[in-house]
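There are 2 protein chains.
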Amino acid sequence: MPTYACRSREELRMEAQMMLARYEALQEEHLKLDMSRGKPSQAQLDMVSDLLTTLTEPEQCILDGADCRNYGDLAGLRCAREYWADMLGCKPEQTFVGGNASLNLMYDLISKAYTHGLKDSPTPWCKAGRIKFLCPSPGYDRHFRITESFGFELITVPMTPYGPDMDVVEELVRDPAVKGIWCVPKYSNPQGYTYSDITVDRFANLKPAAPDFAIMWDNAYCVHEFEGEFEPFPDIISLCAEAGRPNMVYEFASTSKITFPGSGISVLAASEENIQYLTSLISVQTISYDKVNQLRHVLYLKDRAHTLELMKKHAEILGPKFSMVLKMLRAELTNRGIAHWHLPKGGYFVCVAAMPGTARRTLELCSRAGVKLTEAGATYPYGVDPHDSMIRIAPSLPPIDELEKAMEVFCTSLKLAALEKFLGFTLL
Amino acid sequence: MPTYACRSREELRMEAQMMLARYEALQEEHLKLDMSRGKPSQAQLDMVSDLLTTLTEPEQCILDGADCRNYGDLAGLRCAREYWADMLGCKPEQTFVGGNASLNLMYDLISKAYTHGLKDSPTPWCKAGRIKFLCPSPGYDRHFRITESFGFELITVPMTPYGPDMDVVEELVRDPAVKGIWCVPKYSNPQGYTYSDITVDRFANLKPAAPDFAIMWDNAYCVHEFEGEFEPFPDIISLCAEAGRPNMVYEFASTSKITFPGSGISVLAASEENIQYLTSLISVQTISYDKVNQLRHVLYLKDRAHTLELMKKHAEILGPKFSMVLKMLRAELTNRGIAHWHLPKGGYFVCVAAMPGTARRTLELCSRAGVKLTEAGATYPYGVDPHDSMIRIAPSLPPIDELEKAMEVFCTSLKLAALEKFLGFTLL
Chain V
5 MPTYACRSRE ELRMEAQMML ARYEALQEEH LKLDMSRGKP SQAQLDMVSD LLTTLTEPEQ
65 CILDGADCRN YGDLAGLRCA REYWADMLGC KPEQTFVGGN ASLNLMYDLI SKAYTHGLKD
125 SPTPWCKAGR IKFLCPSPGY DRHFRITESF GFELITVPMT PYGPDMDVVE ELVRDPAVKG
185 IWCVPKYSNP QGYTYSDITV DRFANLKPAA PDFAIMWDNA YCVHEFEGEF EPFPDIISLC
245 AEAGRPNMVY EFASTSKITF PGSGISVLAA SEENIQYLTS LISVQTISYD KVNQLRHVLY
305 LKDRAHTLEL MKKHAEILGP KFSMVLKMLR AELTNRGIAH WHLPKGGYFV CVAAMPGTAR
365 RTLELCSRAG VKLTEAGATY PYGVDPHDSM IRIAPSLPPI DELEKAMEVF CTSLKLAALE
425 KFLGFTLL
Chain B
5 MPTYACRSRE ELRMEAQMML ARYEALQEEH LKLDMSRGKP SQAQLDMVSD LLTTLTEPEQ
65 CILDGADCRN YGDLAGLRCA REYWADMLGC KPEQTFVGGN ASLNLMYDLI SKAYTHGLKD
125 SPTPWCKAGR IKFLCPSPGY DRHFRITESF GFELITVPMT PYGPDMDVVE ELVRDPAVKG
185 IWCVPKYSNP QGYTYSDITV DRFANLKPAA PDFAIMWDNA YCVHEFEGEF EPFPDIISLC
245 AEAGRPNMVY EFASTSKITF PGSGISVLAA SEENIQYLTS LISVQTISYD KVNQLRHVLY
305 LKDRAHTLEL MKKHAEILGP KFSMVLKMLR AELTNRGIAH WHLPKGGYFV CVAAMPGTAR
365 RTLELCSRAG VKLTEAGATY PYGVDPHDSM IRIAPSLPPI DELEKAMEVF CTSLKLAALE
425 KFLGFTLL
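Protein sequence lines correspond, in order, to chains V and B.
Our numbering applies: residue 5 is where the first sequence begins, and numbers increase by one.
Our numbering applies: residue 5 is where the second sequence begins, and numbers increase by one.
Worth double-checking, as some hints may not be accurate.
Over the 12 Å line for every Cβ pair with chain V, so calculated as not near, a few chain B residues [to be verified]:
| hint | residue |
| --- | --- |
| 1 | A9 |
| 2 | E32 |
| 3 | D112 |
| 4 | E152 |
| 5 | D171 |
| 6 | V172 |
| 7 | P238 |
| 8 | T290 |
| 9 | I291 |
| 10 | R334 |
If you anchor each label on the Cβ, the simulated ranges turn out as follows [claimed, not checked]:
| hint | chain 1 | residue 1 | chain 2 | residue 2 | range |
| --- | --- | --- | --- | --- | --- |
| 11 | B | Y386 | V | K211 | 38 to 46 Å |
| 12 | V | H310 | B | S284 | 34 to 42 Å |
| 13 | B | Q64 | V | P360 | 44 to 52 Å |
| 14 | B | Y386 | V | G323 | 54 to 62 Å |
Think of the hints as simulated: they come from the structure by calculation, not from any bench.
Note that the coordinates shown come from a computational prediction; the quantities given were computed from them, not determined experimentally.
Built from N, CA and C at the ideal position, the CB exists for glycine as well.
Next up, chain V with everything else stripped away, as it sits in the complex:
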């Protein structure tokens, strides 16, 4: 099948008529489907709902003489810190176990850098003049919004299949106003790329001009394979320590996509010095996080080995959904020269790079046919995709039959948007 670019005007018109007919038929189905956010499905939540009955007796709440129902232990229950150390390959003393959202820990870290400064800050960032922050893009909109909300200048760094373009990163960090970078090292949001060992090494050996440069290492999908075996990942905290900048990295993770998205536990991992400094700052903010929920999670998830078994069961639900998305993309869009994508083995997204200038129109057409996707541009700083190309698909929430329908709408819309571009006029 020839690419659209190689077809004649007449052939394109015929294709457009076919697609229009199909689109109109889909519109008549009055669909209402949502692929906008990486939400686990109800089947996944039901699967882990034994969490609700894991901790039922008052006696279970007493650990080493301390009552987890009461105030105390700001940095988290010892067993919860051990759990996360096992998960991330670091030491319990290098962890701070927080509340239900790692995003909140990231926000608080940036907020404290702004109001009080980080461990090695010469001054709080609010007194440091212009602050710049590196945003490998496409990336996670909520990361970018945090730093945007504090008025930092967001600088786009190109993403590659091996992680952020480190030549660019190494160049940019020579500017002392550049204070940090957002990273999703494993199954990056949205492309599903895993940073290569060389990329991770170059991160650990980064020599930024800012003494308080912060690598925001959001290991959101650290055990989230939906296909194949668990892929081990390096401990970025030791790597930074070995390279002589132990305080440069802050790693984040949570159980949001292991147990309940809104009711899990989260962790910040960093050098012991960083953890002590931050614990002291956080002691002004709160007395302790929800340790009953921490204990509930440790009892339920046990350790990394047991968590990985549970992730296999998530994969049984998620895997077929990703296969469906990829099957539809392949069947509908291969060899037309109007879109390409990567096949991830984990994470929560598939990212489709549509022909430049067609992403926004594709999403508009999807929306008019009742299918909601993440807004165009969301994966770039300030919500602006300079090529109007990247589209993030989140297949986890809908049941598989709805997903197939939603993908049919998506592919048809993308083809219509491309055809409009080639033909030079709008089709509907």
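Since the structure of chain V is already known, use the hints to place chain B on it.
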């Protein structure tokens, strides 16, 4: 019995010898007792531990088609907002239900005022020059520390049995640099005073020069009577609205001393406009709070009437402890002219005003006999009690027999400290 001031030097020496002997005997018991923090006792926690088994079935988690286990509903579950509206006498739309700590909501409010500004702020407080904050004292150390940590100047306002001295408050708020005040309107920490209707009215009718002046209304003990019937309290949010400054007040409460201290739910109540503004700021910080725990609490606590029944059971445990404290104070310290105190009917503290210049020494002697109390000065800004007089007693945690012993140590230490002052030399 004559007051110490009326006794002869010889009589004081004899009293000192008696007290020394008693103190030394107490020291030999090698006690290790803690009355430093308002922690509920294990008996109270066991009493409410049915909370652990209130929410056990996946089906319970689906409310009006929405799954409380998943992301969403940033301002809280509808039923949780209704619960808090019932508790506080405001509207559900005027509530934002947060995580496990109202202190965290207070911190976040001040932090956001600093970084982004409040609804009516001309500029974020970090760009507004010198900020001053009013601290009715004695008060709650954690309140004062929040505003101190942002570098605000803390201004002491005298407390009276009817609340903060409003003549002083009304005068101070004419300074536009004065941006807010900390309040515990019912059973104030540490004295247990409840603001009178006139005080509350004067708060609602305050006309501060700063357009973004914030009354931090920490209703921590709103239903926390340990003696007698529930005392209704006015809805400060309507009162401020009626007085024409609806956005001036932020009310806080939590279940920390109703269910589990570290694992409850919290609320911020304010004008609808404030709630909308803050929800939009908080949407950058987190996706949602722990709604499973919100639902668990609503199922367990039901409504205000049912919560008040539970508070009666807490009172059955707490009441005798406060009676013991007051009995010991009366027996040991009445009519000596060296201390006075107030008899609260609710809250978590008894505050003893020792003879000026003797609080720190009293606590030192307590500590040397194995009894830990809140640090001297903690109830004043910057941790400095200008009269070295106020001592906060938190009788909730120890069992009653330990409490009696701890109070014996306390009274003996206080008398020794006073005797040293009268005699002019240290006794040990």
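Cβ distance range 34 to 42 Å for H310 of chain V and S284 of chain B, holds or violated: 40 Å, holds
Cβ distance range 38 to 46 Å for Y386 of chain B and K211 of chain V, holds or violated: This hint holds: roughly 41 Å between Cβ atoms.
Minimum Cβ distance from E152 of chain B to chain V greater than 12 Å, as the annotation requires: 8 Å, violated
Non-interface claim for I291 of chain B, where every Cβ of chain V lies beyond 12 Å: I291 of chain B not clear of chain V: closest Cβ-Cβ about 6 Å, inside 12 Å.
Non-interface claim for R334 of chain B versus chain V (Cβ beyond 12 Å): The claim holds: R334 of chain B sits with its nearest Cβ about 30 Å from chain V, beyond 12 Å.
Chain V versus E32 of chain B - minimum CB to CB distance exceeding 12 Å, so not interface: Holds: least Cβ distance 25 Å, greater than 12 Å.
Beyond 12 Å from every chain V Cβ - status for T290 of chain B: 4 Å, violated
Distance restraint evaluation - Q64 of chain B, P360 of chain V, Cβ atoms, bounds 44 to 52 Å: Given range 44 to 52 Å: holds, Cβ gap about 49 Å.
Y386 of chain B versus G323 of chain V beta-carbon gap, inside 54 to 62 Å or not: With Cβ atoms ~59 Å apart, the hint holds.
Status of the stated non-contact between A9 of chain B and chain V (beta carbon gap over 12 Å): 41 Å, holds
Status of V172 of chain B, Cβ more than 12 Å from any chain V Cβ: The claim holds: V172 of chain B sits with its nearest Cβ about 26 Å from chain V, beyond 12 Å.
Least C-beta distance between P238 of chain B and chain V, which was stated to exceed 12 Å: Non-interface label stands for P238 of chain B: nearest chain V Cβ at 28 Å, farther than 12 Å.
Checked against the numbered hints given earlier, the structure breaks hints 3, 4, 8 and 9 and satisfies all the rest.
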